[in-house]
Amino acid sequence: MNIVDHYSGYIIVKLVKHKSEVPTVLCNVLKYIQTQFDTTIKQLHSDGGREFNNSTIASYCGANGIQHSMSPPDTPSRNGKAERYNGLLLNTARSMLINAAANQSLWCYSIEQAALTLNVKPRQQLGNKSPYELVHKNVFDISKLTPLFSDCYYKPSNDQQIEKFGSMGKYGVYLGKSPNHIAHRVLTEYHTIIITTNVKLLSNRFKHLRMFGLGGGAIANELVDESDEPYQPSSDTPETISIADATTEDISLNDVNDDDFDVSPSIETEPPPIEIDEPVIESGGDDYAS
Numbered sequence: 003m004n005i006v007d008h009y010s011g012y013i014i015v016k017l018v019k020h021k022s023e024v025p026t027v028l029c030n031v032l033k034y035i036q037t038q039f040d041t042t043i044k045q046l047h048s049d050g051g052r053e054f055n056n057s058t059i060a061s062y063c064g065a066n067g068i069q070h071s072m073s074p075p076d077t078p079s080r081n082g083k084a085e086r087y088n089g090l091l092l093n094t095a096r097s098m099l100i101n102a103a104a105n106q107s108l109w110c111y112s113i114e115q116a117a118l119t120l121n122v123k124p125r126q127q128l129g130n131k132s133p134y135e136l137v138h139k140n141v142f143d144i145s146k147l148t149p150l151f152s153d154c155y156y157k158p159s160n161d162q163q164i165e166k167f168g169s170m171g172k173y174g175v176y177l178g179k180s181p182n183h184i185a186h187r188v189l190t191e192y193h194t195i196i197i198t199t200n201v202k203l204l205s206n207r208f209k210h211l212r213m214f215g216l217g218g219g220a221i222a223n224e225l226v227d228e229s230d231e232p233y234q235p236s237s238d239t240p241e242t243i244s245i246a247d248a249t250t251e252d253i254s255l256n257d258v259n260d261d262d263f264d265v266s267p268s269i270e271t272e273p274p275p276i277e278i279d280e281p282v283i284e285s286g287g288d289d290y291a292s
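Here this note's numbering = 1-based position in the sequence shown + 2.
Some clues are possibly wrong.
As a list, the in silico BS3-like pairs of lysine-lysine whose alpha-carbon atoms are at most 30 angstroms apart [claimed, not checked]: (1) K33 <-> K123; (2) K157 <-> K172; (3) K16 <-> K83; (4) K172 <-> K131; (5) K19 <-> K44; (6) K83 <-> K123; (7) K21 <-> K139; (8) K157 <-> K33.
If you're looking for bench data, these hints aren't it; they were derived computationally from the structure.
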């Protein structure tokens, strides 16, 4: 579920497993907006689905003086801004998955990272400011953004034993910042997610995904052929002609004698002199200086 501020275009994404969770999650988000941003919500607009048209949301809007308007059936254009941003989120998340050749089971992390990317991107219609800057009243440091699913190394926690000469870091995959911690989310080789600050990021490198069995065939714009089948030339490949097909008679090497070849020694001769024509000078016309 994505919630879009009509003025700034700021996006809040909440992942839910069932539509029955939408009323509770939406009411919590509205409370969060009014408390954290010190503002008052005057109007809530949504489509007419049952996840929005129910007594829970109606009671909350009535208690807080919020006008709730809904689009008629089969008219997504009446909710155009939210629909457009939903398309932007999907396109951006799809690009992140393709860039890292990641498995589609990791789509939820790409959606969250896509929302953050769109929020911190400056926009011309906002005076070259980002939605994040308008809402949080400060500028986001874009240099802190790391491509999603990049390779990383994390330091094991204290309860994990490290051999005396063993590696101090373990393989991991970067899954973005944790929404509830000031730390990073890392996917381990055991397909578990840990929250840690001891992490070394390798930007735009996506080899650990394949090691974990969550990668595809293209890694960081590098074409990788993992098929075991022999190469079969396509119909566009020019046909090769063997020497046996080009000759009219089969020649055996045993039938060939040295006398059959007349090899004369090469004589080095001086190359003929190169004649250089004198340049022709043309004159006349307005384009020539006198």
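Q) Against the structure shown, which of the earlier numbered hints fail to hold, in ascending order? A) 4, 7, 8
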